[in-house]
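Visitor: Could you slot chain F onto chain L? The hints should help.
So the chains spell out like this:
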Amino acid sequence: MSAMRPYRRYPTTWRWTLVSLLVLAIAVAAAFPLVWMVLSSLKTPEESMQVPPVWWPGSPNLNAYTEVAGVVSLGRSFVNSAFIALVTTVAIVVTSLMAGYAFAKYRFKGRDWLFAILIATMFLPPIVTLIPLYRLTGYLGLNANLLGVVVPNLANAFGIFLMRQYIKGVPDDLIDAARVDGASEFLILFKIVAPSVLPAIAALTLFAFVYHWNSYLWPLTVLQGNTDQYPIVISLSRLLSYNRGAMNTGLVMAGATLAVLPPVILFVFLQRFFVDSIVATGVKG
Amino acid sequence: MTGRQTRSTIGMLAPATGLIAIFVLVPMVLTIGLSFTQWSTQTGFETASFVGLANFTDLFGPTSIGRDFRAAFGNTAIYTALSVALILPLSVVLGLLVHQTFAPGGIVLRTVLFSTYMVPMIAVALVWSKLYSPTEGPINQMLGWVGIPPQTWLSSPKTALVSIVILNVWQQVGYFTVLAVAGLTQIPRSLYEAALVDGASAWMQFWRITLPLLRNTLLFSAVIAVINAVQVFEPVALITQGGPVNSTNVMTYHIRRVGIERAQGGLGSAMAVTLMLSLIVVIVILFALLRDRGEQR
Chain L
1 MSAMRPYRRY
11 PTTWRWTLVS
21 LLVLAIAVAA
31 AFPLVWMVLS
41 SLKTPEESMQ
51 VPPVWWPGSP
61 NLNAYTEVAG
71 VVSLGRSFVN
81 SAFIALVTTV
91 AIVVTSLMAG
101 YAFAKYRFKG
111 RDWLFAILIA
121 TMFLPPIVTL
131 IPLYRLTGYL
141 GLNANLLGVV
151 VPNLANAFGI
161 FLMRQYIKGV
171 PDDLIDAARV
181 DGASEFLILF
191 KIVAPSVLPA
201 IAALTLFAFV
211 YHWNSYLWPL
221 TVLQGNTDQY
231 PIVISLSRLL
241 SYNRGAMNTG
251 LVMAGATLAV
261 LPPVILFVFL
271 QRFFVDSIVA
281 TGVKG
Chain F
286 MTGRQTRSTI
296 GMLAPATGLI
306 AIFVLVPMVL
316 TIGLSFTQWS
326 TQTGFETASF
336 VGLANFTDLF
346 GPTSIGRDFR
356 AAFGNTAIYT
366 ALSVALILPL
376 SVVLGLLVHQ
386 TFAPGGIVLR
396 TVLFSTYMVP
406 MIAVALVWSK
416 LYSPTEGPIN
426 QMLGWVGIPP
436 QTWLSSPKTA
446 LVSIVILNVW
456 QQVGYFTVLA
466 VAGLTQIPRS
476 LYEAALVDGA
486 SAWMQFWRIT
496 LPLLRNTLLF
506 SAVIAVINAV
516 QVFEPVALIT
526 QGGPVNSTNV
536 MTYHIRRVGI
546 ERAQGGLGSA
556 MAVTLMLSLI
566 VVIVILFALL
576 RDRGEQR
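In the order they appear, the protein sequences are chains L and F.
Residue 252 in the working numbering sits at position 252 of the first sequence, and the numbers go up by one each step.
If you want the working numbering, it's the position in the second sequence, counting the first as 1, plus 285.
Just chain L, with the same shape it has in the complex (with noise of 0.2 Å):
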């Protein structure tokens, strides 16, 4: 661990000791609940059941990952799950840097006056909007279909928000020079802009990402229990209910590690930027 930070010696000290063993003790806690599902999805159904229970499964086997896909169609969940989450990403990766462009660099009548409306609805629940929005995607013809998911989701204000933050840092002559050279405003945003803030683009898309793999709410209001449209959460809500003994565990804890990978995987990625994107919205915003 210290050779993270290379340039710092650690005194050995009582007190350093009792810092790092906090930290330590911390992290595992905290880290506890995923080793364990984990660890979970690898016992038996025997070892599953077991009082007091098994830490650590004696024969480690996949068995529970080869028989969940056939319990719920876990293949079809992954794929519409994935679709739900890239699509909704991409549009609001999109969307917000035109957004954020124009509230970061044009002048017009009315723009803090609009700027602030959208930055309210970033504070609504959105149970306070449910109700009638399952009725306005009904008159649209998306009810229960993957549709209806995604479109009402392909911009939102927190997007804008950020960006605006970010390009607002962006070098006004750097655009202006590329407007005497006669370039297209969206050729500018895309050419020119958006290579400047690649790190809000990186923040943004695991935002909108992870936000959109794991929501549940709307996706089991408006697919209306079609479960061929059935994201992997809402597969994975299901699994438990078709088996509630200690039986199903293990099948259980194999679908949530599933289903956990894309966006844990995304966030080791992408981590430094979302970290400095919180900085950059929370504290200066």
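Any given hint could be a false lead.
With a Cα cut of at most 25 Å, we get these calculated SDA-like pairs of lysine to any residue [what the hints assert, rightly or not]:
| no. | chain 1 | residue 1 | chain 2 | residue 2 |
| --- | --- | --- | --- | --- |
| 1 | L | Lys109 | F | Leu304 |
| 2 | F | Lys443 | F | Leu304 |
| 3 | L | Lys191 | L | Ile175 |
| 4 | L | Lys109 | F | Lys443 |
| 5 | L | Lys168 | F | Leu304 |
| 6 | L | Lys105 | F | Ser293 |
| 7 | L | Lys168 | F | Asn501 |
| 8 | L | Lys109 | F | Val311 |
| 9 | F | Lys443 | F | Phe358 |
| 10 | L | Lys168 | F | Phe358 |
| 11 | L | Lys168 | F | Val311 |
| 12 | L | Lys168 | L | Ile192 |
For the record, the hints were derived by calculation from the structure and aren't laboratory data.
Guide: Same frame as chain L, now just chain F:
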């Protein structure tokens, strides 16, 4: 403004603004309008009939509609208060541990705490329902090692709501820790150096410098924590279905059950409006209590 500028302004703003207007602002206005009507969610908006404040008098009246709503409202209030009371102090303590360079492991701790924030709430609920299991779960087993008797966790009305608060805090605290770290990095080092010269202890430095200067961060964290707390849905929908004995029936779950499953769109909208007004009141109070008034510095 020239024509070209106007056109590109509209072009840039139209997609995001249009989508948010149609799918957030319009439903918001509709929720308020529908709250004064009797309307079945399964039928078109034109079937809504105006009933004045009848839905609201039901919510605060003596019938079972009012009793269930007030129970859900009370549970949400307790849930929110507990979440904020746990998350804010934890985020400061964990933030200090991540931020310090005195001992190793800060970045590792941040990574672990933050990765829990990436886990779908459904998976969190599933895993914790097994961890909490009175006989096969490791939590009661570990409590047994230190001589604490087994707890009922999700299966008793006395402990179910608190159990859901705990699993939610576990999932979310990493985000608030990063916010706290962001706040800590903004505090000038020179303040601590001056305090050292004056002979202030680390304890004094925390109360006199760190905490007061984290005020704005904590205000932001409190607002986000409150808004997140009223959205709790997955553990309730998945594990407890509002029980046992209505002890975990929270607003998001109750509004969806009334407004979507029972299709009482008008009544559900009135509940949503009440929730939103309450949120505004809470946020205004938080600002009044925590806002940096400037005269202290």
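Visitor: Could you tell me which of the hints above the structure violates, numbers in ascending order?
Guide: The structure conflicts with hints 2, 4, 10 and 11, although it agrees with all the remaining ones.
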